[in-house]
Amino acid sequence: MDDLLSEFLTETAESLSVLDVELVKLEQNPEPQILSNIFRLVHTIKGTCGFLGLPRLEHVAHAAENVLGKFRDGELDVTPAAVTLILTSIDRIKMILSHIEQHEAEPEGDDKDLIAQLNAAAEGKLQGAATAPSAVEAAAAPSQPEPSPPPESASQPAATTAAPAPAPAPEPDEEDDDAAASGASVPAAVAQVPATTAAHPVAPPAAPAPAPAPVAEAPKEPSVASQTIRVNVELLENLMTLVSELVLTRNQLLQMVRGKDDSEFATPLQRLSHITTDLQEGVMKTRMQPIGNAWAKLPRIVRDLSVEMNKKIDLQMIGAETELDRQVLELIKDPLTHMVRNSADHGLEPTEERRRIGKPEVGKVVLNAFHEGGHIIIEITDDGRGLNIGRIRQKVLANGLATEAELDQMSDQQVAQYIFRAGFSTAEKVTSVSGRGVGMDVVRTNIEKIGGTIELKTQQGKGTSFIIKIPLTLAIVSALIVECAGERFAIPQISVLELVRTTANSEHGIEVINNAPVLRLRDRLLPLVSLRSLLRLGGDEQGRSETFIVVTQVGTYTFGIIVDRVFDTEEIVVKPVAPILRHINMFSGNTILGDGSVIMILDPNGIAGSTGEIAGTSQAAAEATAARDVHAEDRQSLLVFRAGTPDLKAVPLALVARLEEIEVSEIERSHGKPVVQYRGKLMPLVSIDGGFDLKSEGQQPVLVFADGDRSMGLVVDEIVDIVEEQLKVELSVDEPGLIGTAVVSGKATDIIDAGYYLTQAWGDWFGSPEKEFQGKEDTRRILLVDDSPFFRNLLTPLLSVAGYDVTSVDSADKALSLREAGDDFDAIISDIEMPGMNGFDFAQAVRAEGRWSSVPLVALSSHATEKDFERGREVGFTDYVAKFDRDALLQTLAQTLKGAA
Amino acid sequence: MNQIVPSTGKRGSQELASTEDHQEFVTMFIEGQMFGIPVLMVQDVLGPQKITRIPLAPPEVAGSLNLRGRIVTAIDVRLRLRLPRRADDKGDGMSVVVDMKGELYSLRVDSVGEVLSLPAAKFERNPPTLDPLWREFSSGIYRLEDKLLVILDVPRLLDFSKSEIN
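Line by line, the protein sequences give chains A and B.
For what it's worth, the working numbering labels the leading residue of the first sequence as 1, then goes sequentially.
For what it's worth, the working numbering labels the leading residue of the second sequence as 902, then goes sequentially.
This is chain A alone, in the form it adopts within the complex (with noise of 0.2 Å):
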């Protein structure tokens, strides 16, 4: 059933038990208060039913409305038989109901008889024929109670007038008003009467006709309207709040309990603990409102500015069934609609501008809204002309916000961000133009406030786009415990973006330009914030052997936080903090552990203020933006060390199976090679530069390398650091067993090429691998296309080792020629990202035509996505290996290979 129908069926029913009460309250004693209410009752279902389109319903509600507005109005005195009217209507009322409970519609029939009791009621015509109409309502409603109404009636008024002497003669009169005659009106208003229910004996028994068949159906089934029910927010609020301090309790016992294997209490505790979660998810859930709630005004709100603005506007709305708590929905409904409101006034050109600027001609608004790791991520999306960053750009310098100079070293995007300023959306707004000024500080502050970010994208004349990411809740939040100076405070977990550890000695401490800490993270200047100076903690942070980072992002502004130590993180339900301390901006709230001990709360917007950096314009913005497309690049690990000489050398991670430690004292020879006992089998130990250095004593690091039941050891000296970095080798080398040298973190560091040293440990134990190989089947020829030296370097030996005759080109248009020359390849291994023709296009023009159309295409590639995967299918590759990932590669070649033959 239609939504908006079934609560207009809970919410009727609720009413007309309401006013079956009320109206019998009324009867014993007419007070306004009491008439009023009825009034309004009868009046909303009018209202509503006329807004579903529900006429009979409607019709039999204006009709009653009509006599109580009498009533209310003192024209009409409420009298039982008058009651016995209005009840009777709202008997038919609810037989109406009952059918479209059951069907959705309305019964067939009209209520023209009952219409025209009250009609003639609210005439003031029904005491005078009060016998008449009784006695059409006993057809109607059987359970007439009152025998007698019509002394009563008749007396009653009279008394009420205030005219206890004068006989009813001339009471009709008084009342009749409108029916003009004076003497000859009492017989009319008679003759009247039973004329109109004399005109409608046929309709009593049509109309009640479908009556008695619903009723009998009912109990049947539970009716809509006694499937839900309705709860005061306030009651839900309070169970929620009930529930959040019942997670806090059963947090505090299942730390007590940890690390108690033995526990009797484990058993019922797990069980208590699921049981928490599960009410927890109940309640939650009873809070829980489709988000589309508070989109309902927008369609109308865009169809009137488009009607105002002589725009063609298209609002989509995508995911309004996203569900979240009704407490993040009421804040978040003002700020949405205000951004949907501008994205149509003034993000999107006229009609006429964008005919002529090749736009289609309708406007695009698109809402969406869904769910990604406990948060909800709402996007409002135009295709208008984006921010005119230059009219920002002015603002800002005559706002006074930044230097001309600054201004020229910030890219569109960081410029944009200033919209979000405070001071933007006064004074001469950027209106007319760009006009998205307006408010959008307060828009942002009223994110903030409830936990969310808002980030900004805008292109010049293709749309601006906005993205909201709010907690799905806020009485629960997961929060990052640390420790500064002995005191432990919380980080809501939703604005953490990773944690650094340096000590005293490692590689990339904390620098300092004039008293302003720095950290290099990577490839950019991460601005710090001290925990400890910032709240005056005292104690002192030089001398620690060691220091947690808590890198915090605070809209686009990223920040590293300073603290002592960092613990595990906690669901935690945000309290307010005393009125007292309201003002120390740098708290959001406090909380109480699962330890029982009191928290503060720390809020990364307010500690963002107070490094004097107002979120949204930092180069962060850039860098951050900057760092995800260097992440798109090929970022791997790498693992770093130490062998032979100083230099430091590197191995991508992948390659290598374990670090191991082994005993010098377990090094065997064995052909004057050192060998070692591994795992059950002899592993050769290969050294770096041939020479065999090893310790005497104690531990020898080694990285192993395995493949199959084949393992190798490489000794090190030393093993410094695994990084992720995008390798990109400088110098080639001629060297044997280096690739060349590349910049890892900052060094340079030689490449060593693991293949080399896999030929040469497996070739001095299995004798000449081509011997080997060929002995065993022909070798298979395959065909390796990559840009990369690197990989194809990597790759090479590798598969050589393998037995694989490889031939490497480094662009998918050599690989054809070679097509075109007539070689022929048992398999091809393809890079996706090529200059050129790319993986996917080559992957078609092999498929397409040729000999090669049905080699085994392997797809190789850093982005081994699901969608990747498909995408490599559908152009006709025939299995997609994540790169690095040799034994997959490896695996995947003897499978394919296998089953082409």
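You may find that some hints are simply not true.
Claimed, not checked - Below, a sample of chain B positions facing chain A; criterion: calculated Cβ distance under 7 Å:
#1 PRO949
#2 GLN950
#3 THR953
#4 LEU966
#5 ILE972
#6 THR974
Claimed, not checked - Across the chosen pairs, the derived CB separations fall in these ranges:
#7 B:GLY948 - A:ASN505: 54 to 60 Å
#8 A:SER610 - B:GLY948: 35 to 41 Å
#9 A:GLY282 - B:ARG971: 52 to 58 Å
#10 B:PRO1056 - A:ARG303: 51 to 57 Å
#11 B:ARG1026 - A:MET256: 49 to 55 Å
#12 A:ASN29 - B:ARG971: 44 to 50 Å
If you are wondering where the hints come from, they were derived from the structure by calculation, not from laboratory data.
Here a beta-carbon is modelled for each residue, glycine too, at the ideal position from N, C-alpha and C.
Starting from the structure of chain A, add chain B where the hints point.
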């Protein structure tokens, strides 16, 4: 030691505590001076508690503590009255928990004494020579046999917005 007094609800039983012209007060001591708070304002009397410091808070705010799942803000009455910090503060002081507009505050004092029922006849207004700050926080004085009892005006004591202007 925790007297459980309902925190909310109607305490219409004002007469109970002030039979005829008598008022009941919880007494406490700071630097030997006796202070009193109307007994009906008092929620709990606490012994030494684990208190979490609140950075950046006014010095009088000792921190916050957990009282049966509710967060209570601890106020050091000694500092609030501009008395010197206790030299030998071992954190063994006692606290009186009061409810102010739904928020709980714990007033840290040196020790808590008995509950006294005092006749209104013994009540006097603050002598004009009293320190203005004390005059602000005191609603009057009771003359006892051997000493004077300063009645603390809790709402004013906890109104930090005003005192900051001073």
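Okay, GLY282 (chain A) versus ARG971 (chain B) on CB: inside 52 to 58 Å? Taking Cβ atoms as reference, GLY282 (chain A) and ARG971 (chain B) lie about 25 Å apart, which means the hint is violated.
Restraint outcome when LEU966 (chain B) is required to lie within 7 Å of chain A by C-beta distance: Holds, because the Cβ-Cβ distance from LEU966 (chain B) to chain A comes to roughly 6 Å (cut-off 7 Å).
When the least beta-carbon distance from THR953 (chain B) to chain A is tested against 7 Å, hint result: OK, holds: THR953 (chain B) within 7 Å of chain A, min 4 Å.
Status of the PRO949 (chain B) interface restraint (C-beta, 7 Å, chain A): violated (15 Å)
Determine whether the Cβ-Cβ distance between ARG1026 (chain B) and MET256 (chain A) falls within the hinted range of 49 to 55 Å. Between ARG1026 (chain B) and MET256 (chain A), where Cβ atoms are some 53 Å apart, the hint holds.
Quick check on GLN950 (chain B) please, does its C-beta sit within 7 Å of some C-beta on chain A? violated (10 Å)
Given THR974 (chain B) as an interface hint, is the shortest Cβ-Cβ distance to chain A below 7 Å? holds (4 Å)
Could one say that the CB atoms of SER610 (chain A) and GLY948 (chain B) fall in the range 35 to 41 Å? holds (37 Å)
With respect to the beta-carbon atoms only, verify the hint that PRO1056 (chain B) and ARG303 (chain A) lie 51 to 57 Å apart. 53 Å Cβ-Cβ, so the 51 to 57 Å window holds.
Taking the Cβ atom of ASN29 (chain A) and the Cβ atom of ARG971 (chain B), is their distance within the range 44 to 50 Å? With a Cβ separation near 46 Å, ASN29 (chain A) and ARG971 (chain B) satisfy 44 to 50 Å, so the hint holds.
Holds or violated: 54 to 60 Å for the Cβ distance of GLY948 (chain B) and ASN505 (chain A)? violated (46 Å)
Min Cβ distance, ILE972 (chain B) to chain A: is it shorter than 7 Å? Holds, about 6 Å.
Figure legend: structure checked against the earlier numbered hints; hints not met, in rising order: 1, 2, 7 and 9.
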